[in-house]
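2 protein chains.
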Amino acid sequence: MLIKFYIKPRKGVLDPQGRAVAENLRSLGFENVKDVKVGKYIEVYVNETNKEKAIEEAKEMAKKAIVNDIIEDYEFEIVED
Amino acid sequence: MLIKFYIKPRKGVLDPQGRAVAENLRSLGFENVKDVKVGKYIEVYVNETNKEKAIEEAKEMAKKAIVNDIIEDYEFEIVED
Chain A
2 MLIKFYIKPR KGVLDPQGRA VAENLRSLGF ENVKDVKVGK YIEVYVNETN KEKAIEEAKE
62 MAKKAIVNDI IEDYEFEIVE D
Chain B
2 MLIKFYIKPR KGVLDPQGRA VAENLRSLGF ENVKDVKVGK YIEVYVNETN KEKAIEEAKE
62 MAKKAIVNDI IEDYEFEIVE D
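Residue numbers (the working numbering), protein chains in the order written: chain A, 2 to 82; chain B, 2 to 82.
So that you can see chain A by itself, here it is in the shape it has in the complex:
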């Protein structure tokens, strides 16, 4: 199975990368850009055939190693092989 994690800065947390990308886009002529958030996209391939187990594992991985809960929000998705 493949676990896809989508991580972004929590609301209210400074996101200097997002600000830089927004300014860059506007300077390139994309004037309708309102806001940009820059986060992480992580794919974890696991030897696991049970989807329920993969979901539990994904939550544990997020908590222990993937997500900094204080400054980041995340979602994940399980893709079966």
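Hints were generated in silico from the structure; no laboratory data involved. Please read all numbers here as calculations on a predicted model, not as lab measurements. One thing to keep in mind: the hints can contain errors.
If chains are identical, the list can't say which one is meant, so a pair holds when it fits in one copy or spans any two.
[To be verified] Quick list of in silico lysine to aspartate or glutamate cross-link-like pairs, EDC-like style, CA-CA up to 20 Å:
1) LYS12 to ASP70
2) LYS65 to ASP82
3) LYS41 to GLU53
4) LYS41 to ASP74
5) LYS52 to ASP16
6) LYS35 to GLU61
7) LYS41 to ASP82
8) LYS5 to GLU24
9) LYS41 to GLU78
10) LYS35 to ASP82
11) LYS41 to ASP16
12) LYS54 to GLU81
13) LYS12 to GLU73
14) LYS54 to GLU73
15) LYS5 to GLU53
16) LYS35 to GLU53
17) LYS64 to ASP82
18) LYS60 to ASP16
19) LYS12 to GLU32
20) LYS60 to ASP36
21) LYS12 to GLU57
22) LYS52 to GLU78
23) LYS60 to GLU76
24) LYS52 to GLU24
25) LYS5 to ASP36
26) LYS5 to ASP82
27) LYS65 to GLU44
28) LYS5 to ASP74
Once you've looked at the hints, dock chain B against the given chain A.
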């Protein structure tokens, strides 16, 4: 509208972050981890109501500012307000 970009290292491109995360997960007991890819997740909020236009803009943004085509693969998705 919201444009969500999912960016990851192209196949064959070195991904030291991915390797580090994989090793860390295994050392934490997630022994069934086969491979990890670390990429970027970028949200771009635009003042645009026409979905077709947003799609065209997303492709232009990717090409000009968001994605390094030589080493990165990407997908995007448009979310309507």
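Each hint tested on the structure:
no.	hint	in the structure
1	LYS12 to ASP70	within (12 Å within a copy, 30 Å between copies)
2	LYS65 to ASP82	neither (25 Å within a copy, 33 Å between copies)
3	LYS41 to GLU53	neither (24 Å within a copy, 26 Å between copies)
4	LYS41 to ASP74	both (10 Å within a copy, 14 Å between copies)
5	LYS52 to ASP16	neither (34 Å within a copy, 27 Å between copies)
6	LYS35 to GLU61	between (34 Å within a copy, 17 Å between copies)
7	LYS41 to ASP82	neither (22 Å within a copy, 23 Å between copies)
8	LYS5 to GLU24	between (28 Å within a copy, 17 Å between copies)
9	LYS41 to GLU78	both (14 Å within a copy, 16 Å between copies)
10	LYS35 to ASP82	between (37 Å within a copy, 13 Å between copies)
11	LYS41 to ASP16	both (12 Å within a copy, 14 Å between copies)
12	LYS54 to GLU81	within (12 Å within a copy, 33 Å between copies)
13	LYS12 to GLU73	within (9 Å within a copy, 27 Å between copies)
14	LYS54 to GLU73	neither (24 Å within a copy, 31 Å between copies)
15	LYS5 to GLU53	within (15 Å within a copy, 27 Å between copies)
16	LYS35 to GLU53	between (38 Å within a copy, 18 Å between copies)
17	LYS64 to ASP82	neither (24 Å within a copy, 30 Å between copies)
18	LYS60 to ASP16	neither (24 Å within a copy, 23 Å between copies)
19	LYS12 to GLU32	neither (23 Å within a copy, 34 Å between copies)
20	LYS60 to ASP36	between (29 Å within a copy, 17 Å between copies)
21	LYS12 to GLU57	neither (26 Å within a copy, 28 Å between copies)
22	LYS52 to GLU78	within (11 Å within a copy, 25 Å between copies)
23	LYS60 to GLU76	within (10 Å within a copy, 24 Å between copies)
24	LYS52 to GLU24	neither (41 Å within a copy, 23 Å between copies)
25	LYS5 to ASP36	between (24 Å within a copy, 12 Å between copies)
26	LYS5 to ASP82	within (13 Å within a copy, 24 Å between copies)
27	LYS65 to GLU44	within (16 Å within a copy, 25 Å between copies)
28	LYS5 to ASP74	both (14 Å within a copy, 15 Å between copies)
Taken one by one, the earlier hints fail for this structure at numbers 2, 3, 5, 7, 14, 17, 18, 19, 21, 24, listed in ascending order.
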